[in-house]
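Fit chain B to the supplied structure of chain A, relying on the hints for placement.
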Amino acid sequence: MKKFEAGRGKRYFSLAYLVISILILIGSVHDSFLYKETIAEVISVQTKASAQESGTMYEQEIEAKILNGVWKGEQISLTNLYSKSLTVDEKYRKGNQVFLSLSEKDGALEGKIAGLKRDTYVFAAFLIFFYFLCMATGKRGLTTMVSAGINIVLFYLALCFYEKGSYIFLVTIILMILFTVLSLICASGVNRVTQAAILATLLSVAAVGVIYFIVSKLMGEPEYFMMEYTEYLPNTNQFGMLFFAQILIGGLGAIMDVAISISTTAGELIFVNPRISTESLYDGVRNVAQDIMGTMINVLFLSYFCGAIPLILIKMINNYGFTEIFKFHIPFELIQFLTGSIGILLAIPISTWVSIRIFKRKGEVA
Amino acid sequence: MILILAAVFVVLFILLGGDRGLRSLGALALNIAIFLLDIKALEYGFPAYAVTFVTVILMSVVILFFQNGYNLKTRATFLALSLVTVFVFILALVFAHGAKISGYNELNMYEDETAMLASHVNINMTAAAVAMVIVGIVGAVIDSAMAVSSAVYEVSHKNPELTERELFASGLRMGGNIMGTTVNTLLFAGIGEALLMYLEMKELHYSIGQLLNSKAFFQMLFPMLMSAIGCVCVIPAAAWIMGNFAKKYD
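In order, the protein sequence lines correspond to chains A and B.
Per the working numbering, the very first residue in the first sequence carries number 1; after that it's consecutive.
Per the working numbering, the very first residue in the second sequence carries number 1; after that it's consecutive.
Source of the hints: derived by calculation from the structure; they are not laboratory data.
Certain hints may be false.
Said to hold, decoys possible - DSSO-like mimics (lysine-lysine), calculated; alpha carbons at most 30 Å apart, straight line: (1) K202(B) <-> K36(A); (2) K10(A) <-> K247(B); (3) K72(A) <-> K112(A); (4) K105(A) <-> K91(A); (5) K164(A) <-> K202(B); (6) K40(B) <-> K84(A); (7) K202(B) <-> K112(A); (8) K158(B) <-> K139(A); (9) K40(B) <-> K327(A).
With the rest of the complex left out, here is chain A:
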């Protein structure tokens, strides 16, 4: 009976969720009045190919209707160039909504396409994720989202400080502590296991920081100005500090994951057998640790390097070799991957030690 009701609750939830999602998505297609920037909808496209020495280019003659602002309702002719690979350009279709930069020349309206309107896709991706999260994990999904939301707000606040360029190091440390405490409490509640995991995570992150600091002082720092997305940042002397923050934040999630798994195991072993000896406790924890470390490091490897696939490809086609790419083009991904993995590995003995310490202090280990 209970199961039946739970099933029906889920069905109502799904139905309501579907309706709300569709409303949100329809709303986001018609939200151009919220934007200051001019938005137009493509109503017709004519494409013609032209052969050029560097490859075939396609030219699009686009008719579009302006959706907001002073010229709302007016039609405008636009042109757009694209190549088949779509590396630096876009191909537009009927129904696409685009941002325009408008200018008036001799009384005639001229426009250039500045980019596609993507907000509907952002909302859709979030809605799909959130739906599956709720279906698979129930109320806990909500806690997860709240925790992620708070973390994003914290990150935004930190960015405000980073932008001013003051106290970068201090802000990073405070950010680490807040991230860790909040996420772990949201993920596993207020208890001694969480307490051990928080302590272990912070110690491991600190260890990673110290190792990176020592190695970079001994061996010379990487050339930070080679990093992506630094073109418009004014304070070049802060790149090192910012990269340091990137390293710590990037590995934090994985380190927390290891810390919570190990302290949970240690807690469980002690709960099942309060008289367990320290040696067999170590043994039990080691088994779990060896189970997770391999997979966690693969997770980090794939999530750092797959993001770079498109850019690596472009560089390879421009005749860069693998060694060159690794040396000059993605050293930052490499360093982040290595420091993150070192963090995961260090988290194993550190969380074992911290858990045993904390549980022992309460007199639970003989």
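Chain B in isolation, oriented as in the chain A frame:
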């Protein structure tokens, strides 16, 4: 500097992992090799989606069967992973074509380095973007799936009287426990990687609207959300498949 960090990493790995550490290290090395082959194959212009699926299969065989052994748990995980990969692939295709995420974004298009590279390449960059997402989810999805199928396996082993339905429910509970930390891992890796990008957007005074519509933001968000969706979807898949396997083969 990278060499020193790599050395520290390898030494720690061997010290802490013991015999299994060596095996995991071997698996990682194999995965790096597969990753490089994947890129080479894409560069030669082999069909991108076929290359991607071969890569995913090879990587999951390495992570599951080489690193964790060929058994009921890894077989269930492999099956669950295959289902979820196909699902995420379809989703990623729709989003990649709809939101036009290929190639450079508005921020890195004008960097010094970009200007020196020829942009006329014989590769469909949309396909490259989808390939990146699909290969990228493998690690995280296997992590979630393994946790769930191991847990279901243990539960069914200790309580042979449980039905498939009850095993499924227990798998979902276990999945709920790990989802919080999985989302955190993905979130922090994502914002840690893109910290400078967000800072640059702030420097350029992006509004919320500009952020939501920018290609740079979508290129960061897209792999992260697709991984997260894969991890969530694999929980029921792994719980159900493992529950059935446990009943059938034990």
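Measure nothing beyond the straight line between the CA atoms of K158(B) and K139(A); if it is 30 Å or shorter, mark the hint as holding. Roughly 28 Å between the alpha carbons, so the hint for K158(B) and K139(A) holds.
Take a quick look at whether K202(B) and K36(A) sit within 30 Å of each other, Cα to Cα. holds (18 Å)
Hey, K40(B) versus K84(A), does the alpha-carbon distance stay inside 30 Å? Holds, at roughly 20 Å.
30 Å limit on alpha-carbon distance, applied to hinted pair K40(B) and K327(A): holds (18 Å)
Compare the distance between the alpha carbons of K164(A) and K202(B) with 30 Å, and conclude whether the hinted pair is satisfied. holds (11 Å)
Assess, step by step, whether the Cα of K10(A) is no farther than 30 Å from the Cα of K247(B), and give holds or violated. The hint holds at about 27 Å.
Could you grab the alpha-carbon distance between K72(A) and K112(A) and see if it respects the 30 Å cut-off? Between K72(A) and K112(A) the Cα gap is close to 16 Å, so the pair holds against 30 Å.
Does K112(A) sit within 30 Å of K202(B), going by the straight-line distance between their CA atoms? Distance of about 24 Å is within 30 Å: holds.
Hinted pair, alpha-carbon criterion (30 Å max): K105(A), K91(A). Please report holds or violated. Holds, at about 26 Å.
Comparing the model with each earlier hint shows no violations; every hint is respected.
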